[in-house]
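**Student:** Sequence:
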Amino acid sequence: MMLLMVAIGGAIGSVLRYLTSNWSTSYFGIGFPLGTLVVNVIGSFFIGLLFSLIERHTLISSYWRPFVSVGLIGGFTTFSTFSLDTLLFIIQAEYYKACLNVVLNLSLGILAVTIGYIILKP
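With the sequence shown counted from 1, adding 151 to any position gets you the numbering used here.
Hints in this document: simulated from the structure, not taken from any laboratory.
Mixed in with the good hints there might be a few duds.
Have a look at the derived ranges for each label pair, beta carbon to beta carbon [stated by the list, open to error]:
hint : residue 1 : residue 2 : range
1    : 271       : 207       : 32 to 38 Å
2    : 179       : 200       : 20 to 26 Å
3    : 245       : 272       : 36 to 42 Å
4    : 212       : 187       : 27 to 33 Å
5    : 213       : 258       : 24 to 30 Å
6    : 184       : 238       : 21 to 27 Å
7    : 216       : 272       : 38 to 44 Å
8    : 185       : 248       : 35 to 41 Å
9    : 272       : 154       : 33 to 39 Å
10   : 272       : 152       : 41 to 47 Å
11   : 251       : 159       : 32 to 38 Å
12   : 214       : 265       : 36 to 42 Å
The beta-carbon is built from N, C-alpha and C at its ideal position, and this holds for glycine as well.
Start from the sequences and build out the full structure, keeping to the hints where you can.
**Tutor:** Laid out in structure tokens, this is it:
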């Protein structure tokens, strides 16, 4: 049942990402990937809210957490999870790990997309 909840949340999040990104592109143009930036910032904001609700207020039952965090927000953007992981390192005063997480995710992500592109480059 939990996998179904995550899948439904992911489907909703993916559709919301598509709509948000398209709106942003139509509103701001295509000179810079603002659609991606908007989605990443919004997703990061909402996962921060969710984390606060879970940590301080427990307003979301454990049954709904995977639907919202992994499914809905994760389907909207996995960048939000990366942002939350980095925040958790900062909260724990593990600044080296926070910086390492940022550097590794960005550099290895860009490297991976470059290699993938080169492998199948037309």
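**Student:** Hint by hint, say whether it matches the structure.
**Tutor:** Hints versus structure:
1. 271 x 207: 32 to 38 Å: For residue 207 against residue 271, whose Cβ atoms are near 46 Å apart, the range 32 to 38 Å is violated.
2. 179 x 200: 20 to 26 Å: holds (24 Å)
3. 245 x 272: 36 to 42 Å: holds (39 Å)
4. 212 x 187: 27 to 33 Å: Roughly 32 Å apart at Cβ, these two residues keep to the hinted range, so it holds.
5. 213 x 258: 24 to 30 Å: Taking Cβ atoms as reference, residue 213 and residue 258 lie about 35 Å apart, which means the hint is violated.
6. 184 x 238: 21 to 27 Å: The hint (21 to 27 Å, Cβ to Cβ) holds, given that residue 184 and residue 238 are roughly 23 Å apart.
7. 216 x 272: 38 to 44 Å: holds (41 Å)
8. 185 x 248: 35 to 41 Å: violated (30 Å)
9. 272 x 154: 33 to 39 Å: For residue 154 against residue 272, whose Cβ atoms are near 36 Å apart, the range 33 to 39 Å holds.
10. 272 x 152: 41 to 47 Å: holds (43 Å)
11. 251 x 159: 32 to 38 Å: holds (34 Å)
12. 214 x 265: 36 to 42 Å: holds (41 Å)
Checked against the numbered hints given earlier, this structure breaks hints 1, 5 and 8; the rest are met.
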